[in-house]
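Number of protein chains: 4
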Amino acid sequence: MKERVVAEVSIIPVGTSDTGLSRYIASCLEVLEGSKDLTYRLTPMGTIIEGPLDELLEVLRKMHEVPFSKGASRVVTHLKIDDRRDKPVTMANKVESVLKLRPSTKT
Amino acid sequence: MKERVVAEVSIIPVGTSDTGLSRYIASCLEVLEGSKDLTYRLTPMGTIIEGPLDELLEVLRKMHEVPFSKGASRVVTHLKIDDRRDKPVTMANKVESVLKLRPSTKT
Amino acid sequence: MKERVVAEVSIIPVGTSDTGLSRYIASCLEVLEGSKDLTYRLTPMGTIIEGPLDELLEVLRKMHEVPFSKGASRVVTHLKIDDRRDKPVTMANKVESVLKLRPSTKT
Amino acid sequence: MKERVVAEVSIIPVGTSDTGLSRYIASCLEVLEGSKDLTYRLTPMGTIIEGPLDELLEVLRKMHEVPFSKGASRVVTHLKIDDRRDKPVTMANKVESVLKLRPSTKT
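Chains as they are written, first to last, in numbering that gives the first Met the number 0: chain V, 0 to 106; chain X, 0 to 106; chain U, 0 to 106; chain G, 0 to 106.
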């Protein structure tokens, strides 16, 4: 099985006169859901994605195109990759390991 | 009422020989919970905080000290602030506005 | 003497219909130059600032307001703080330590 | 000619007991210099890369492996892509457009 990473993506169209970004985000998620090797979770500040790094970078490439296809002429994309190889890491167990130490943590 | 922003914080100790960061994160959250004006939510990739920007920066300053107090000699802290002033923004309504457009979104 | 950190700031107005951001950046730099404890350097991807962390956060707070004062109603600000306390760190010596290992490095 | 983007990369090994990161950065730059379509510039806070996005993501993938090959078991990589398509953007002209408005800017 391929090693999985946990990553976070945020895609900001610039110069679109849209203060709200929901319609761009919704379309990016449509692209993301097309990939069966990746799981994701939308947060208030970005999209967290779990899966093999190569697939993740391929999907990021496609997500980055979405705002252009909707009329934006500039896009700023942030990606953060957390890749740990001494033990399997998932979205779930990253949070659980903090909860073990601090059960009152809000998630 | 003071305007609230939504922000994301990630604090990484460097050169500590700890591959896992949970004990640093748990202590940072303890500091954060001491602030009654701020609400937060731990995600697999960081901590999302909602509240007035000045309080948030004060707490960030304290959270950034935590790994030093636990022995780290270098800390890299990332902060992302999303500040929208044409309408009130919360962690909850940022996600809801995407869910309205795409009800199948995983959160 | 107070310990100095090296940080990077990027401030993006959202929904302004300006694809170019130079006029926002130029005004942010005006605010930054008002602080005598901080030195800075503009790069193609952000502004790198060196100085005591408290002063830096105060100035960041003011820089973040600039796009609002110029008409933006949403601003996304990224801050990255690199704080090393086992030895003094400056913008200059961070690059020099790589140059020592790899003199062909382009800076 | 393929469109070029300007991006910034920062790669942090976690849990290595090295407080200094120069030797990791120097090896990452060696990988980057192997790509003839990309130009780069090391700053005190990261590496700024200019070139076609597909090549850039391929090289990022390789740079991300470097700390693992040097013994790290966890790596946190940040990538920021600035992709503007209404006019050609380069590292040089991004800074020049601010200098035109504010000639005293330090670069």
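Among the hints, a few may not be true.
Which copy is meant is left open, so a pair is good if it fits within one copy or across any two.
Said to hold, decoys possible - Straight line, CA to CA, 20 Å or less: simulated SDA-like cross-link-like pairs of lysine to any residue:
| no. | residue 1 | residue 2 |
| --- | --- | --- |
| 1 | K1 | L98 |
| 2 | K69 | S26 |
| 3 | K35 | S103 |
| 4 | K61 | R84 |
| 5 | K99 | E29 |
Calculated directly from the structure, the hints in this document are not laboratory data. Quick caveat, the model's predicted, so the values are computed rather than measured.
Going down the list of hints, with the structure as the test:
no.	hint	in the structure
1	K1 <-> L98	neither (27 Å within a copy, 31 Å between copies)
2	K69 <-> S26	within (9 Å within a copy, 30 Å between copies)
3	K35 <-> S103	between (34 Å within a copy, 15 Å between copies)
4	K61 <-> R84	between (26 Å within a copy, 16 Å between copies)
5	K99 <-> E29	between (34 Å within a copy, 14 Å between copies)
Violated hint for the displayed structure: number 1, the only one.
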